[in-house]
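Model the full assembly from the supplied sequences, consistent with the hints where possible.
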Amino acid sequence: MRGLPQRLQRWAEGRLPALTRYRRPESLPIELHRHRIYIVPTGFGLGFSVLLLVMLIGALNYSNNAALLLTCLLGAASAASMLVAFRALDGLRLEHVRAGHAIAGEPIELVLSMQSGRLRSAIRLDLGNRCAAFALDGHDTTQVKLLLPTERRGWQSLPRLRLWSSWPLGMFRAWSWLHPDLAVLVWPRAEAAGPPPQALAEDARHMRLHRGEELSSLRDYQTGDPQRHIAWKASARHDDLLVKDFEQPRSQPQWQLDWRQLRGMDDESRIARLARWLNEAQAKRCSYSLWLPGNEIGTGSGPLHYARCMDALAGLP
Amino acid sequence: MPAAVGQRSFDLLSLSMAFVLAVNASHLPWWLDVALTLTLAWRWWQRRQRSGRVPGWIKLPLLALLTVAVIAYYGNLFGRAPGTALAIGLLILKLLETETLRDVRVGVSFACFTLMTALLFDQGLVSTVVVALGLLPALATLRALEPAQAPASIPRVLWPSFALLAAALPLALLAFVLVPRLSSPLWGAPSQDQARTGLSDRMSPGGFTELLTDDHPAMRVTFDRAPPPPEQRYFRAYVMARYDGASWTYGDVVGQPPALLRVEQSVDYQIMLLPTHRRVLPALDVPIDAPAGAGMRRDRVVMADKPVNDAFTYSLSSATRYRLEPQLGNHRLRWLQLPAGFNPRTLALGRSWRQRYGDDDAAIVRAALALFHDGSFRYTLAPAPLGRNAMDDFLFDTQEGFCEHYSSAFTVLMRAAGIPARVVTGYQGGYWNKLGSYLLVRNSDAHAWSEVWLVARGWVRVDPTGAVRPERVNLGAAAAAGDQLDWYRRDWLQGLGNRWDIVNRWWDQGVVGFDALRQRGLLSPFGVRDTDTATLGVLLAIGGMLFIVIGLAWALLRRQSRDPLRESLRELERKLARQGIARRVGEGPQHYLSRAARALPGHRKELAILMESYLQLRYACDVPPAQPSLVFHRAVRNFRISGVRTSKSSEH
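In the order they appear, the protein sequences are chains A and B.
Mapped onto this note's numbering, the consecutive letters of the first sequence carry residue numbers 1 to 317.
Mapped onto this note's numbering, the consecutive letters of the second sequence carry residue numbers 318 to 969.
Worth double-checking, as some hints may not be accurate.
[As the list claims (entries may be wrong)] A partial selection of chain B residues facing chain A, derived with a Cβ cut-off under 7 Å:
(1) THR445
(2) GLU463
(3) LEU499
(4) VAL829
Hints are computed from structural coordinates only; laboratory data are not their basis.
All values reported here derive from a predicted model rather than from experimental measurement.
Ideal placement from N, C-alpha and C gives every residue a C-beta, glycine not left out.
So, in structure tokens, the structure goes:
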């Protein structure tokens with residue numbers, strides 16, 4: 001049932017853009033002004049006006065002028081609160097929007113920088129069914145944090161935000177659409193489990209050494225070497241005893257992650273696997289490089305490098 | 318379940334309700350005041366400990382108890398007093414279940430409504446202002462419900478509400494003047510149980526006690542010329558003919574023209590009578606004609622067509638020297654009526670005077686006044702109670718009392734002696750307010766005197782109280798009462814009250830008395846005799862529009878940016894933009910101006926200087942110094958772009 005009003009709204013916005021105050025995406029900064037701020041009474045405002053009407057009729061009926069004066073005062077104050085609500089939004093500026101990082105399916109944090117030349121209170125920002133309330137002190141930029149739900153990786157344009165305020169008495173709601181022409185990049189979701197990356201590199205030996213307990217070379221026997229390390233077959237062809245030498249695994253192995261390694265998989269599965277490898281590499285603090293079609297990222301490590309790789313993955317077509 | 322409201326909102330709501338309770342406290346029975354105050358305080362304390370609704374098993378019995386108590390005390394639930402008591406009780410009980418935003422809003426709305434009920438009991442200036450101040454915590458509660466606010470103390474949060482109300486006052490006054498008044502009520506007229514003490518058409522000795530200690534204004538009188546001297550300030554309300562041994566009553570003689578009045582000297586004046594809920598209109602002795610909306614009865618008593626439920630102003634002219642009813646005719650017997658079997662000693666005294674003085678009625682009157690004056694009679698507001706033969710007890714036994722006792726005893730004596738006599742009640746005296754040039758008459762100025770009919774003179778006013786205590790007539794009720802009054806009714810306070818009354822008079826005339834009739838005459842200075850409802854509606858719409866325009870102008874007003882440096886830079890940007898070098902989104906001033914300098918080689922030097930000084934002013938210190946900013950501003954203004962741009966710059 002919840003979908004129906006939304007469908008209705010979408011239909012109305014398509015057909016009656018002026019009536020629904022639909023706004024196309026626009027570039028930042030967005031400044032609110034009288035052409036785009038709308039004021040409607042809230043449910044409480046309507047109820048209160050009924051009460052005022054009852055008070056008015058009562059005062060008139062009993063020809064009680066003091067009560068009439070009180071009713072007029074209350075009514076005028078309520079009406080004036082409409083202008084205060086308008087002023088709460090008028091001149092407000094959305095300077096810029098910064099997005100955090102998030103993987104598909106998890107909400108992404110948006111930081112909106114709001115600015116105004118005077119003090120404002122109780123301004124609210126709606127995004128879907130999430131709401132953030134904030135106040136502006138009139139000098140500094142205020143950062144408003146909102147969570148935007150995401151579904152899939154890649155560029156996701158910002159939805160329309162509703163900025164509104166029922167300041168000061170809650171009887172009128174001044175509102176305006178904010179639709180910044182911006183998109184945020186959502187990182188791909190890593191696959192849950194899968195094989196480790198294969199060591200495929202130009203320096204295969206080096207990679208093998210990395211892999212741990214494999215034979216790297218033979219050397220002359222020295223007193224104290226364990227007997228089981230003696231390479232008997234090789235020693236038979238030489239004069240001296242030869243001993244198998246083992247390389248210690250390096251503490252920071254270097255991974256080379258390559259799109260081309262993953263043949264026979266569809267693109268999304270490849271991306272998910274690469275994302276998992278990136279996560280693992282990042283968790284193990286390895287250095288790693290990433291090769292993608294049309295994008296090659298050299299060896300590196302650290303959060304910036306990780307973000308660069310993830311961005312590249314997310315931006316794949 | 319919606320989120321619970323914050324402690325601040327709840328505190329403010331409790332404050333609003335406490336205010337409502339306070340302004341209504343005097344109209345509620347004391348036990349209800351105490352019970353509701355305790356409930357409010359308990360709930361406030363309870364929610365500070367732990368938030369949550371009060372369970373139903375506490376709430377519902379309280380609700381039932383309230384209803385039963387109101388019915389038991391008042392007899393029903395409808396009407397002004399029981400309705401108010403019930404509404405305020407419900408309001409406080411609402412606090413018990415107040416947890417969510419919606420609850421608080423309902424509570425505030427209801428609090429506003431119950432604030433208004435206090436005005437049904439008292440429309441005075443002070444109580445109206447106090448009630449209007451009650452809107453402050455109510456509006457502050459609504460503000461406190463909004464999220465994301467800077468924290469502030471309770472007095473500080475009331476201030477914006479005050480500003481809002483002050484800003485709304487002009488519009489409120491406009492609406493007040495122009496909202497069309499109803500000429501007749503839509504439903505039941507207000508109940509009559511609201512009678513404050515006032516003059517009644519029945520008088521018994523001792524009945525005035527409550528009235529004589531009531532300092533509320535009864536009426537205000539303005540005279541067209543000089544006011545009559547104090548000893549002539551007798552305002553007649555009722556003329557009482559019938560005496561049943563206990564009390565005097567007014568009875569009208571239907572269908573007869575007013576008694577003949579021969580006027581020798583007259584005074585024109587207006588009276589603004591405060592609500593009495595009775596029909597009688599007091600008039601200076603003796604009224605010549607009845608004002609509009611009222612009729613003159615046979616004994617020159619002025620009766621309005623409807624009870625005076627709102628302040629009522631009427632113009633009259635009265636005779637101060639006159640001959641009233643020179644011939645009694647067949648009415649003589651009415652003025653000699655005495656109940657049988659009462660006051661034998663008084664009757665005997667009256668008869669003995671007749672025997673002694675023969676036909677000389679004036680001598681009998683003098684004898685009676687001499688008795689009061691020379692005997693051991695005392696004027697007191699707290700006389701001893703009287704028995705069945707009240708006049709006998711008073712004249713021969715207790716010998717103390719006030720105007721009612723004296724006028725009653727005097728009239729009985731006269732009738733016993735065969736002289737037509739009657740009791741007249743009304744007001745005597747009053748305070749002459751020099752500043753406002755009007756006479757303030759209070760309830761405590763209520764008075765009773767006598768009239769006797771003398772051959773060839775008609776009715777003559779005789780004030781037997783004056784024989785006992787002349788101050789009563791010359792100086793007023795307070796002076797006569799002397800030390801018998803409470804400390805707060807002493808001279809200096811009285812004087813203060815009398816001077817303050819000019820504000821009350823203005824309020825009563827301008828606000829409380831602004832009725833349908835006055836509204837219709839609103840435009841009479843502009844030549845419109847009768848302002849009807851349609852005209853009022855048009856005026857209201859025009860005035861409302863005017864205020865909307867003013868309000869919008871305020872709302873749309875944007876103060877100029879207080880950053881002159883930024884303004885100067887904007888001006889420079891505009892000049893450069895005309896040359897096609899617009900500042901890009903997110904482009905810093907240094908980058909932008911360097912780009913401009915590359916695009917305009919002829920102005921490279923100037924632009925470099927401007928950029929340097931801008932960067933210096935902007936980033937070298939927190940606040941740009943004033944004088945160099947001005948220099949920068951001048952430099953920007955003097956900057957002129959001449960010559961042709963290089964073709965290279967068009968790539969940008």
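Hints the structure fails to honour: none
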